[in-house]
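Asks: Chains as they are written, first to last, in this note's numbering: chain X, 78 to 224; chain H, 78 to 224; chain V, 90 to 168; chain B, 90 to 168.
Just so you know, these hints were derived from the structure itself, not from any lab.
Bear in mind the structure is a predicted one, so any value in this text is a computation, not a measurement.
Any given hint might turn out to be false.
Claimed, not checked - For lysine to aspartate or glutamate, the following DMTMM-like pairs were computed, each having C-alpha atoms within a straight-line distance of at most 25 Å:
#1 H:Lys188 - X:Glu199
#2 V:Lys139 - X:Asp134
#3 H:Lys202 - B:Asp143
#4 X:Lys107 - X:Asp155
#5 H:Lys188 - X:Glu189
#6 V:Lys108 - X:Glu203
#7 X:Lys156 - H:Asp123
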Amino acid sequence: MTETKYKNVFVEGPITPEKIATSIAHHQVKTQIGAHDIFLGQVRADEIEGKTVQAIDYSAYEDMALKVFHEIRESAFDKFDLTCMHIYHSKGIVKSGEICLFVFTSSAHRKEAMDACRYIVEEIKEKAPVFGKELFEDDSHQWKVNK
Amino acid sequence: MTETKYKNVFVEGPITPEKIATSIAHHQVKTQIGAHDIFLGQVRADEIEGKTVQAIDYSAYEDMALKVFHEIRESAFDKFDLTCMHIYHSKGIVKSGEICLFVFTSSAHRKEAMDACRYIVEEIKEKAPVFGKELFEDDSHQWKVNK
Amino acid sequence: MKVHVVYFAQVAEKIGLSKEEIELPDGSNSTDLLTVLYNKYPMLRDLTFKVAVDHELSNRQLALKPDCEVALLPPFAGG
Amino acid sequence: MKVHVVYFAQVAEKIGLSKEEIELPDGSNSTDLLTVLYNKYPMLRDLTFKVAVDHELSNRQLALKPDCEVALLPPFAGG
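Using the sequences and the hints given, assemble the complete structure.
Replies: Okay, structure coming up:
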């Protein structure tokens with residue numbers, strides 16, 4: 078139902094550097110842009126009680142998540158003078174060192190792009206119903222909690 | 078003289094999306110990183126008294142600029158808990174829509190990466206002796222001034 | 090009336106189920122549903138979660154409509 | 090003594106020169122040099138610039154050393 082209403086932000090597996098480059102290149106025709114800010118979330122190989130995180134398996138309450146991402150997008154366009162905004166989040170397995178979140182804001186001026194990017198990242202961390210299962214090398218796991 | 082002391086940050090012409098992708102990819106082995114922030118400056122096709130900026134021709138007082146970039150880098154590492162930091166600035170012709178500045182900060186946590194990136198961009202704008210000649214389609218020009 | 094309950098992450102793992110339908114007396118609210126669920130799954134008391142009704146988070150007691158979707162959402166980990 | 094003066098951007102464009110050597114009496118300071126330059130290039134008075142001595146910006150009057158490098162730097166436009 079909601080799949081038809083909201084833009085999809087989920088990408089299966091890691092977000093690749095090539096996808097980021099392609100996204101940047103697409104903005105070179107938009108010559109009113111003076112500043113881009115890009116935030117990338119990368120999976121850390123955290124050590125927890127002697128075990129190291131190998132990957133995070135991301136899942137989401139997708140229908141609600143897409144609605145939340147949509148609301149974040151709308152409110153960012155309301156609050157900041159942006160030319161463009163893109164949000165991508167991984168689902169499924171993302172190994173340590175790989176990228177799971179890509180937030181991309183563009184504006185005529187740097188302050189708007191930077192303020193918006195930070196706002197969007199904080200909103201996602203707080204409001205998007207996305208879950209992360211941290212997988213260890215011994216096949217055990219624990220559930221990640223955002224701080 | 079100073080060329081041997083300080084890291085070069087200048088790139089001839091525009092900074093390409095491929096260079097940015099390569100730089101991101103190089104950080105995937107650093108699994109203590111949880112957050113990257115990337116700022117990109119892009120040349121705007123500003124209209125000034127009926128004429129449109131086609132490109133900016135960047136020049137610099139290079140010896141001093143490399144020293145200033147070095148000092149900015151050192152102070153950012155002092156102020157913020159960063160894993161990595163990269164700064165690249167164009168010299169020569171950068172057309173509107175192309176990228177002239179690439180600042181890349183990486184940290185375990187998002188706040189440090191974002192605060193550092195913003196700090197570095199502001200410091201560069203204020204302190205680096207880099208000059209920009211805005212070129213118009215009729216071969217006239219004016220000198221850009223940072224705000 | 091019937092409501093659709095969906096479980097995620099730790100909650101789904103602990104109760105061993107990702108969704109189910111629950112029959113409630115007409116006019117029930119979210120607290121009534123939680124009472125049913127706590128009785129059915131006592132381990133829910135050890136878990137932290139928020140409740141969303143039809144994709145809206147709510148801390149308050151909410152009237153439930155027939156066929157609404159109620160989600161039990163453990164702490165978020167996006168990004 | 091001899092000092093090396095370097096000009097950039099608008100300044101270099103207006104005076105038509107990117108660098109030159111200037112002879113000053115020993116013990117001259119940056120104000121003395123500017124006086125010489127303003128006399129030589131009256132159009133400098135219409136330009137905005139900062140002065141750097143040996144790659145350090147300074148608003149104050151600074152003693153100059155033989156063979157030092159003095160730069161006249163118009164407003165920055167990096168980024």
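Asks: Take the C-alpha atoms of Lys202 of chain H and Asp143 of chain B, compute the straight-line distance between them, and say whether it is at most 25 Å.
Replies: Satisfied, since the Cα-Cα distance of roughly 21 Å is no more than 25 Å.
Asks: Starting from Lys188 of chain H, check that the Cα of Glu199 of chain X is at most 25 Å away, please.
Replies: holds, 10 Å
Asks: Starting from Lys188 of chain H, check that the Cα of Glu189 of chain X is at most 25 Å away, please.
Replies: holds, 17 Å
Asks: Against the 25 Å threshold, does the CA-CA distance of Lys107 of chain X and Asp155 of chain X hold or violate the hint?
Replies: holds, 20 Å
Asks: Quickly compare the C-alpha distance for Lys139 of chain V and Asp134 of chain X to 25 Å and report which way the hint goes.
Replies: holds, 21 Å
Asks: So if I understand the rule, the pair passes when the alpha-carbon distance is 25 Å or less; does Lys156 of chain X with Asp123 of chain H pass?
Replies: holds, 24 Å
Asks: Please work out if Lys108 of chain V and Glu203 of chain X have their alpha carbons no farther apart than 25 Å.
Replies: holds, 24 Å
When the structure is compared with the earlier hints, no violation turns up for any of them.
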